[in-house]
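Residue numbers (my numbering), protein chains in the order written: chain G, 1 to 211; chain A, 212 to 610.
No lab work stands behind these hints, which were simulated from the structure alone.
The structure displayed is predicted, hence computed values, not measured ones.
Check each hint, because a few of them may be wrong.
[As the list claims (entries may be wrong)] Calculated cross-link-like contacts (lysine-lysine; reagent style BS3-like; alpha-carbon spacing at most 30 Å):
#1 G/Lys132 - G/Lys50
#2 A/Lys220 - G/Lys163
#3 G/Lys78 - G/Lys57
#4 A/Lys428 - A/Lys309
#5 A/Lys428 - G/Lys2
#6 A/Lys220 - A/Lys390
#7 G/Lys2 - A/Lys411
#8 A/Lys310 - A/Lys220
#9 A/Lys443 - A/Lys428
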Amino acid sequence: MKFPYSDIVLEHFRHPRNVGKIENPDGKATEGSPACGDMVSVYIKVDPKKNTIADVKFESYGCASNIATGSIITELAKGKTLDKAKDITWQEASEALGGLPKIKAHCSVLAVEGLRSAIQNYEERHGLVKEKKPTTEEVVRQRLRRVINPLTGLNVVRTNLVKDISVKDGTVSVLVDLPGDHQFANNIKDEIRERIEPLWDVKEVVVEFTE
Amino acid sequence: MTGLMMVDKLFYLDNAAATRLDERVLEAMRPYLFDTYAVATSEFGYSQGIEAREALDEARAALADALGAAPEEFIFTSGSTESSNIALKGVALALGKKKGKHIIVSRIEDFPVLHSAQALEKQGFQVTYLDVDGEGFVNIDQLRDSITNETILVSVQHANQEIGTIQDIETISSICSEKEVLFHTDATHTFTRIPLDMKKIAVDLVTVSAHTIHGPKGTGGLYIRQGTQITKWMDGGFQEFNLRAGLENIPGAVGFAKAVELVTTEETKRLQDMRDRLIDNILARIPHSTLNGSPRKRLPQNANITFHFVEGESITLHLDMRGFAVSTGSACFSRSLEASHVISGIGGDHERAHGSIRFTFGRYNTMNDVNAVVEALGEIVEELRSISPLGKSEEQEEA
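Start from the sequences, fold in the hints, and give me the full structure.
Below you can see the structure in the form of structure tokens.
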């Protein structure tokens with residue numbers, strides 16, 4: 001039989017580790033992507049003395065790569081300091097799984113972000129986060145680094161797909177260097193919207209294509 | 212990846228995508244691959260070519276007969292995609308300048324029709340996309356109101372490729388003929404399973420294919436009613452009444468004719484029994500499952516069910532590891548990463564598309580396959596729901 005994933009991915013998919021909720025978690029977050037449909041919730045317990053992750057659990061409404069990444073990320077994070085856990089990247093998770101298909105990067109990156117957001121949630125609750133910053137082109141650019149181009153598995157900023165960004169009176173405009181009828185045009189457009197719209201001072205997101 | 216697991220038996224439940232070739236079809240094709248492999252010549256050619264010509268003519272007569280048509284009204288193509296392309300673009304070329312540049316299609320057509328319409332839009336044609344209701348039926352009033360003097364073609368499928376809804380093409384065809392607009396229907400999934408007689412219904416163009424009825428892949432056909440204005444656009448020789456250039460695929464044509472001959476109403480009834488048992492058992496045994504499409508006017512071989520709170524690619528992979536082949540409308544499964552346009556067309560949200568699984572039956576399925584897949588699904592859906600963050604609050608339980 002031939003499956004679209006590595007043996008390690010299939011193993012984690014069939015027997016995901018650390019599944020479930022933590023009652024009264026110290027930090028929790030849900031990352032969801034309506035464009036891709038996947039959703040992942042991450043719960044953490046923090047050891048305040050060592051500033052490490054004492055326990056971590058996840059739940060997934062998603063495809064195989066989403067479930068497997070949720071599983072591996074909990075294994076990678078357990079026992080790490082918060083700063084170290086925050087630094088875990090999608091590439092590290094993917095390597096630990098024996099590689100993920102590039103086209104699946106955007107579903108699996110959610111688990112990585114879920115962990116970061118759960119840690120951030122803990123830090124916010126404990127007054128460790130700075131004030132709200134106004135949205136600038138640089139803030140938008142940073143956020144777009146989380147939008148993955150399904151063709152390459154790399155983010156749209158790094159692959160120079162983002163031609164232009166402008167921010168004016170709460171309207172963020174992004175020009176993407178792809179034809180409007182590209183195979184992934186709608187998918188990329190939806191993901192950009194999802195990343196930018198939650199910013200507190202953004203009213204509208206306009207995504208345009210070069211052709 | 213190989214080697215991780217082995218299963219004893221394979222259960223193929225994706226017969227809308229492709230079917231297993233029937234041995235009898237292969238036997239019918241064999242002489243035209245190894246003995247009479249010559250090009251079909253004119254009646255003044257050499258004997259092997261004349262024999263090839265006769266085989267092609269016989270196959271064409273059989274196909275035409277199955278549609279209640281004359282042999283001159285049926286051309287062979289490479290499959291549904293080509294047939295629908297010829298229909299839409301051929302009519303657009305013939306009538307675009309003469310009559311008008313307006314085409315009407317339904318929102319839930321399969322890609323050959325939908326993307327041909329979109330391609331014509333870029334060439335300056337106007338396309339109306341007809342809405343469908345919650346079960347997938349085209350809005351007939353909207354169709355009637357959309358037809359103008361500029362309208363040259365209406366294309367509405369006979370039955371839907373994903374949710375199996377059978378359209379009322381009798382009514383649609385009579386509206387079209389009353390308003391003197393050409394009507395094309397994609398009958399890829401209904402041909403031989405649901406009666407379609409050109410003597411009884413005013414359809415001008417019909418797309419059919421061998422791949423859905425245990426015939427060879429790469430063989431399809433297009434019915435073109437006598438007198439229909441259509442322009443050839445793939446240039447080459449004068450084959451297929453000078454409408455489709457290219458060396459005739461005689462083994463394919465002969466195989467297609469044999470495949471049509473082998474379909475019986477008893478078999479279609481058997482597929483329908485499997486479909487009904489599958490739908491009844493799943494809806495009764497697996498909570499929060501919803502049938503997509505119509506319970507009544509539905510393709511006999513098609514079931515499409517959404518399992519709420521879980522994602523389709525996860526279901527298909529779990530099923531695959533147990534030997535079952537099915538498909539899903541989930542974005543994660545598709546080549547464009549977009550959720551099914553059919554499920555969104557019937558008003559379904561992303562969640563409904565993501566958890567949707569299509570089961571399509573064929574000649575080689577048995578009731579045992581139905582029982583096995585229902586059993587497996589019960590376990591898989593329960594397992595995936597246990598790790599899902601959705602569907603656990605009381606509010607969602609009630610939904």
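Here's how the hints hold up against the structure:
For the hint linking G/Lys132 to G/Lys50, the alpha-carbon distance of about 28 Å falls within 30 Å, and the restraint holds. The hinted pair formed by A/Lys220 and G/Lys163 fails the criterion: a straight-line CA distance of about 52 Å is larger than 30 Å. Taking the CA atoms of G/Lys78 and G/Lys57, the gap is about 10 Å. The hint holds against a cut of 30 Å. Under the criterion of a C-alpha separation no larger than 30 Å, the hint pairing A/Lys428 with A/Lys309 is inconsistent with the structure, at around 36 Å.
In summary, the hint linking A/Lys428 to G/Lys2 is supported, as the alpha carbons are separated by about 22 Å, within the 30 Å threshold. Simply put, A/Lys220 and A/Lys390 have alpha-carbon atoms about 54 Å apart, too far for the 30 Å limit, and the pair is violated. Note on G/Lys2 and A/Lys411: the hinted pairing is violated, with a Cα-Cα distance of about 48 Å set against a maximum of 30 Å. Between the alpha carbons of A/Lys310 and A/Lys220 the distance comes to roughly 57 Å, so the proposed pair goes past 30 Å and is violated.
For the given pair, A/Lys443 sits about 23 Å from A/Lys428 by alpha-carbon distance, which is consistent with the 30 Å threshold.
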